[in-house]
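All chains, please: the whole structure from these sequences, using the hints.
Each chain, letter by letter, is given below.
There are 2 protein chains.
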Amino acid sequence: MRFFAKNQGLPGAFYIIKEKIMLNISKKGKAMPESPIRKLVPFAEAARKRGVKIYPLNIGQPDIETPEIALNAVRNFEPNVVEYSHSAGMPSLRKKLVDYYKTVDIDVEADEIIVGAGASEALLFAFQTIMDAGDEVIIPEPFYANYNGFATNAGISVKPIFSSIDTGFALPPIEEFEKNITFKTKAILVCNPNNPTGYLYSKEELETLRDIVKKHNLFLISDEVYREFTYDGKKHYSAMHLDGIDKNVILIDSVSKRYSACGVRIGWMISKNKDVISTAMKFAQARLSPPTFGQVAAEAAVDTPDSYFEKVTKEYLARRDAVVEGINNIKDAFCPNPSGAFYVVAKLPIDDSDKFCQWLLEDFAYENQTVMLAPASGFYSTPGKGKDEVRISYVLKVEDLKASIKVLDEALKVYPGRR
Amino acid sequence: MRFFAKNQGLPGAFYIIKEKIMLNISKKGKAMPESPIRKLVPFAEAARKRGVKIYPLNIGQPDIETPEIALNAVRNFEPNVVEYSHSAGMPSLRKKLVDYYKTVDIDVEADEIIVGAGASEALLFAFQTIMDAGDEVIIPEPFYANYNGFATNAGISVKPIFSSIDTGFALPPIEEFEKNITFKTKAILVCNPNNPTGYLYSKEELETLRDIVKKHNLFLISDEVYREFTYDGKKHYSAMHLDGIDKNVILIDSVSKRYSACGVRIGWMISKNKDVISTAMKFAQARLSPPTFGQVAAEAAVDTPDSYFEKVTKEYLARRDAVVEGINNIKDAFCPNPSGAFYVVAKLPIDDSDKFCQWLLEDFAYENQTVMLAPASGFYSTPGKGKDEVRISYVLKVEDLKASIKVLDEALKVYPGRR
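Sequence order for the protein chains is A and B. Okay, so the first sequence: first residue is 296 according to the numbering used here, each after it adds one. Okay, so the second sequence: first residue is 296 according to the numbering used here, each after it adds one.
Because the hints were derived from the structure by calculation, they are not lab data. In this text the structure is predicted, and so the values were computed from the model without any measurement. Where hints are given, some of them may not hold.
Remember, identical chains collapse to one label, so a pair may be satisfied in a single copy or spanning two.
Stated by the list, open to error - Under the rule of at most 20 Å between Cα atoms (straight-line distance), these lysine-lysine pairs were calculated in the PhoX-like manner:
id, residue 1, residue 2
1, K530, K498
2, K680, K454
3, K682, K498
4, K542, K569
5, K498, K509
6, K708, K498
7, K542, K325
8, K569, K322
9, K692, K348
10, K567, K390
11, K569, K325
12, K325, K479
13, K567, K325
14, K542, K322
15, K334, K569
16, K650, K334
17, K682, K642
18, K542, K479
19, K567, K344
20, K391, K626
21, K344, K474
Following this line, the structure appears as structure tokens:
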């Protein structure tokens with residue numbers, strides 16, 4: 296037992312207490328959310344052991360091939376020593392990214408970019424650069440579940456603003472944002488095109504966000520890792536296209552989805568705010584450098600020919616259509632038709648999506664097949680929301696998606712918690 | 296301007312205040328230390344532009360070749376998609392690490408290992424798993440400067456315990472530890488062999504640490520990334536060799552130094568404490584996975600033949616001898632003769648090592664050459680310590696090291712701040 300003089304709140308009043316200090320994990324560690332996507336894994340493993348075929352529609356791991364040009368750059372790696380790179384990322388990679396952004400009408404300099412081990416690390420740098428423990432970030436929900444983890448990691452609070460499946464998950468009205476701004480609010484975070492909803496924000500919606508962050512001196516963090524995946528002739532409008540908020544915008548980006556290279560772990564943050572960059576650099580320097588091989592792949596990937604994206608986008612579009620049409624043909628189910636990314640959030644006639652997704656793996660099979668879905672509850676921060684919704688990633692071929700929808704339809708016919 | 300109801304400390308007394316909220320970076324960001332090693336970089340760049348040859352003795356980037364077996368594994372990467380790996384690291388890599396640990400008499404299981412983007416990320420996982428904001432970790436100083444950055448990142452306080460160059464930086468006496476243990480102390484962190492001192496802790500010193508952590512229910516974080524680099528016939532004794540504190544020990548390790556593969560960014564944490572592993576896993580899952588290519592290299596590297604290490608250790612030993620002997624031959628300079636890693640901390644007859652290291656780059660050259668050293672002040676957490684000490688990394692060939700020592704000797708003869 297340790298004995299300490301402890302101030303119990305009254306000035307001057309110290310007294311000795313005995314305290315049994317145990318070998319405990321941290322409160323933060325206890326508060327860290329479990330991945331809503333990965334928590335079903337043991338049930339899937341058990342199902343596979345029983346010989347059931349599972350269609351994995353729960354994850355953001357595309358089946359699309361990584362461009363040959365990126366793989367070959369790594370296969371042809373010549374140096375004899377794998378050295379640390381610059382803490383902000385290899386200058387040659389950052390120069391290449393500057394060229395890439397020119398092609399999407401975004402004007403940035405190499406020293407406005409800090410490369411991280413995935414967009415995950417870049418977003419953590421951004422969070423910690425602009426927010427302290429107790430500060431608040433506003434995020435339209437449903438949102439990418441790991442934002443909760445990064446927020447807990449950085450000790451900050453997520454203030455969700457509800458966006459509804461009935462509007463296809465459009466940006467909530469400006470009043471909803473303003474109602475939630477306190478003196479602790481430091482930033483608004485959007486993901487565009489959106490994971491998990493696939494929603495592509497319009498130019499007008501972006502301009503609304505600009506007006507809010509300008510008026511209230513907030514940062515606007517824009518996660519645009521799905522930028523290339525837009526459909527129906529719609530074009531992506533970036534937070535970096537907005538005028539007058541150069542100092543407010545922090546762009547988060549990555550090669551993971553764009554080039555189907557999730558495992559290279561290369562993402563980055565961009566800011567034209569010099570204080571943001573010089574501060575984020577201190578976090579980057581502490582961990583020395585991002586992965587060298589991944590950077591080599593990423594640099595080469597920028598030269599991926601347009602034909603790759605044309606093919607990939609066409610494929611995703613066919614998949615989206617198969618999923619959206621398929622779900623809307625299921626009795627009492629509803630799926631918006633989003634214009635971006637490779638996810639949809641669908642509404643199903645069920646009591647509880649967590650229970651339903653587990654039941655699909657534990658207790659159901661149709662012709663010895665089942666589907667693995669992500670319960671949408673994990674993408675909401677407000678308790679109770681998303682209970683009748685699931686996220687579906689369309690990362691399988693059209694015929695497999697069609698088979699999956701058939702399985703889902705049959706499952707809903709017999710699910711005991713059907714509503 | 297934003298208007299808020301704010302409690303000014305007296306219960307019940309709320310009143311409306313106007314507050315101009317600016318677009319500021321965080322307090323944490325401001326508190327993040329700059330890298331003491333990298334802050335001299337602009338001066339080195341300027342010197343190089345003037346045509347001065349610089350011997351870089353300031354960094355931990357070895358010139359030793361990465362084992363061919365590791366490079367070839369990446370060059371032969373076959374999959375067409377670079378996928379996310381398991382959040383804890385590829386099972387095949389972790390199995391291989393289990394085999395590696397058998398060779399150094401450490402008995403671990405694959406599910407006791409969590410792989411990170413370098414030991415840096417693994418250490419951050421460990422810090423956050425066991426400590427909350429305001430908690431304290433005791434570290435003998437001088438210590439690896441980036442521990443300060445990771446502590447600031449996690450919001451925890453470093454309590455340094457002074458180890459003296461006069462004892463060659465041996466472990467401070469047990470009373471020094473106990474004097475610094477408060478109810479907020481959660482862990483002791485040691486680096487063994489030590490960066491920056493090169494000191495190799497003895498079995499007896501490790502047992503002292505065991506007694507302390509056992510008595511006070513503390514975690515013992517042991518950073519052993521230099522395990523293979525020991526000299527003078529001395530053997531490395533690991534924290535995992537200690538009996539009776541299985542739940543307390545968290546081992547930090549990496550391939551960066553062992554296989555001269557710093558850029559692959561693969562390190563890991565090991566714990567036999569299931570609560571620690573399951574909590575750290577939540578941090579690992581939030582960022583999805585460690586780099587795939589780096590893991591491929593790391594897995595192959597474990598099969599590096601012993602002859603590689605015999606050659607490398609022999610080379611480092613010759614370098615250490617050249618540096619230690621060289622410095623001790625300089626008038627009024629002193630260098631202990633450490634038995635591990637590839638660093639020494641030397642005492643020089645100077646007023647201020649920060650000034651001296653900058654002066655070497657800005658105002659000095661001998662036969663158009665100079666040396667780049669790391670001021671030891673950056674490795675102390677107590678202000679004012681290490682002002683007459685520098686860290687030297689012996690990561691250059693013996694002849695270059697000898698030339699560097701000559702330059703240093705000449706510099707000390709004319710340095711205006713000589714004492």
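Comparing the hints with the structure gives:
no. : hint         : result
1   : K530 to K498 : within (9 Å within a copy, 65 Å between copies)
2   : K680 to K454 : within (14 Å within a copy, 44 Å between copies)
3   : K682 to K498 : neither (31 Å within a copy, 56 Å between copies)
4   : K542 to K569 : within (8 Å within a copy, 44 Å between copies)
5   : K498 to K509 : within (16 Å within a copy, 61 Å between copies)
6   : K708 to K498 : neither (41 Å within a copy, 66 Å between copies)
7   : K542 to K325 : between (35 Å within a copy, 18 Å between copies)
8   : K569 to K322 : between (34 Å within a copy, 16 Å between copies)
9   : K692 to K348 : within (15 Å within a copy, 58 Å between copies)
10  : K567 to K390 : within (16 Å within a copy, 44 Å between copies)
11  : K569 to K325 : between (35 Å within a copy, 13 Å between copies)
12  : K325 to K479 : between (24 Å within a copy, 18 Å between copies)
13  : K567 to K325 : between (36 Å within a copy, 18 Å between copies)
14  : K542 to K322 : between (34 Å within a copy, 18 Å between copies)
15  : K334 to K569 : between (40 Å within a copy, 17 Å between copies)
16  : K650 to K334 : within (12 Å within a copy, 54 Å between copies)
17  : K682 to K642 : within (9 Å within a copy, 65 Å between copies)
18  : K542 to K479 : within (19 Å within a copy, 39 Å between copies)
19  : K567 to K344 : neither (52 Å within a copy, 28 Å between copies)
20  : K391 to K626 : neither (49 Å within a copy, 51 Å between copies)
21  : K344 to K474 : neither (50 Å within a copy, 56 Å between copies)
The structure does not agree with the numbered hints 3, 6, 19, 20, 21 stated previously, though it agrees with the rest.
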